[in-house]
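Asks: What follows is each chain in one-letter form.
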Amino acid sequence: MSSEARPFFAPVPKASGWRLFLKTVVARAYPRVIGQQRERSWLFFDVFLSILAVSAYVFVYRAIGAPEEYVGFVVVGGAMTAFWLNVLWSMSSQLYWEKESGNLALYIMAPNSMMAILLGMAVGGIVATALRAAAILLVGSLLFHVQYAVGSLPALAAVFLLTLAALYGLGMMSASLFLLWGREAWHLANLAQEPIYLLSGFYFPVKNLGFWVAVAASIIPLTLGLDAMRQLLFPSGAALGFLTVPVEVAVLAVLCVLFLVAARWLLGYMERMAIREGRLLESRR
Amino acid sequence: MSTPIYQSTSLPKTLSSAWRSFRIATWLGWQIESNWTDPILFAIYSMLKPLASAAILVVMYGVITNGQFENPIFPYIYLGNAFYIYVGAVMTGVSWAVIDDREHYRTLKYIYVAPIRLPAYWLGRGVARFLTGSFAVFITLAAGVLFLHVPFHPARVDWPLFLLSLMLGVVMLALMGLVLASISLMIAHHFFLIGEAVAGALYLLSGAIFPLEVLPPWLRPLGFAMPITYWLELLRRSLLGDLARGFPTLSGFSNGQLLGILAGLSVLFGLLAAVTYRLCDHQAREKGLIDQTTNY
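Order-wise, the sequence lines are chains Z and G. Under our numbering, the residue at position 19 of the first sequence is numbered 19, and the numbers go up by one with no gaps. Under our numbering, the residue at position 115 of the second sequence is numbered 115, and the numbers go up by one with no gaps.
By construction, these hints were calculated from the structure, which means they are not laboratory data. Idealized CB from N, CA, C, for every residue including glycine. Hints may be right or wrong, so weigh each one.
[Unchecked claim] Simulated DEER-style distance windows between Cβ atoms: (1) Z/Pro111 - G/Leu146: 56 to 66 angstroms; (2) G/Leu146 - Z/Met273: 35 to 45 angstroms; (3) G/Leu222 - Z/Pro235: 29 to 39 angstroms; (4) G/Gly241 - Z/Arg40: 46 to 56 angstroms; (5) Z/Gln147 - G/Leu222: 23 to 33 angstroms.
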């Protein structure tokens, strides 16, 4: 044993500042990524269920003689539902689940940032869900012979990443809100599926809802993100698009910042309120 | 060997016990479904989801056809989608009771030792979802008739056929729910996927929102094997009359034949539900799964 070696009982060096923040992000992301390796059948079911829904809408379009590009719109929308469901059930509702299972109090007691925990959930969720979304896109495209015409791959990648950043920012923000809503959280998450599929134009160009409805729906980042991606993926996408891609990118960037700032503020508010009212440990069934 | 407390020897006692279980479970199910919020929010919640689902199809149809809602394919799609609400509500409503009691409320073991008839109890738990589902179906149909020109003339509706088909279909869906409930006794990791997978597959294969001719030829036989295909056809025929006969899928069958097929398949599912329940209940007891809590 060299003289420079650490003594057996020496304290482990503690991380602090940004190092602690990053370690917390990685630690919270880890179970999300590894967890899906433990239940591989879930991956199959998630893809299978989405393909069922996508297929039903594709056959509706075929029954009414829609142009083939609409089939592509449905497949891309179907792939992005994976992210919306992940944000709803594994971001927005997550702090509520954590409270129910007793983890939330541990998170708050631990010497780490709650923002880092939310960010870790988001990063882990994005990585895990990207695999599902890619599988849905691949299977859907092969099943229904979807033709893509990608003009600019970097632009497409940038829009996709910005959409996810804004979307998961919304998820981080709503996690605190859902926690405050308590027992209603499950129902609210359940309620935010079909209406959002409708308003965000998951299965048709959002432009068809009318200008003001589409503007209102743009608060959900997937509305503009999907629209921009379709414009970059399909030849007729630009003609069916709601706004131009640069405008949609700018709005997404604003939403991204807005949601992250709001998430930080709401998290602090939730913590203060929950501690003051002693609701961190309650479990109402 | 002692006889379990809930096993009565005479038929009247068995029926009485089953009725009591069903009645109490119905009340309990309604409390669980509705007591999480105030009535107004609950009503909005019950309306918003089905209306949004219908609106997705309406917008898709409107975009492609420039709003030609008088085409017979539109009421075909709209009515199929509206009545399909019952599939999710009744089938999943019955089967979800197992998960709710075992994993969420952790009361399944107490229910097992109580003097009740379990299948009757599960069916009762599904009644609340049937009621909220009926509300959603009514609202969806009313929106279609009032705003989207879905043809509905009360004088022309074949009411006896409609009511008989509706009743048979709901019974069939409840029996399918019992099959899923029994299977749910045995599983933990995939419980929330089973109901969705079955409902999703049926949505695709039963021609709920498009004629079966649109499906690839190798998938069509599966559609013809699904009782929901015949149920939806009967409902469309009873409400739309000749307009519904314009689609070739089941045009070769008379109403009586369709009713016979539906009744036969319902009996089949009844037998399947009884066998599945006995098997799964036995296995769940043997393996000690009744009081398991998986935290999934």
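Asks: Go ahead and decide if the range 35 to 45 angstroms is satisfied by the Cβ distance of G/Leu146 to Z/Met273.
Replies: About 44 angstroms separates the Cβ atoms of G/Leu146 and Z/Met273, which means 35 to 45 angstroms holds.
Asks: Can you tell me whether the CB distance of Z/Gln147 to G/Leu222 sits inside 23 to 33 angstroms?
Replies: 28 angstroms, holds
Asks: In this structure, is the beta-carbon distance linking G/Leu222 and Z/Pro235 contained in 29 to 39 angstroms?
Replies: 35 angstroms, holds
Asks: Tell me if the beta carbons of Z/Pro111 and G/Leu146 are separated by a distance inside 56 to 66 angstroms.
Replies: For Z/Pro111 and G/Leu146 the Cβ distance comes to about 59 angstroms; the hint holds.
Asks: Just to be sure I understand the hint, the distance between the Cβ atoms of G/Gly241 and Z/Arg40 should be within 46 to 56 angstroms; is that true here?
Replies: 50 angstroms, holds
Hint compliance for this structure: every hint is met.
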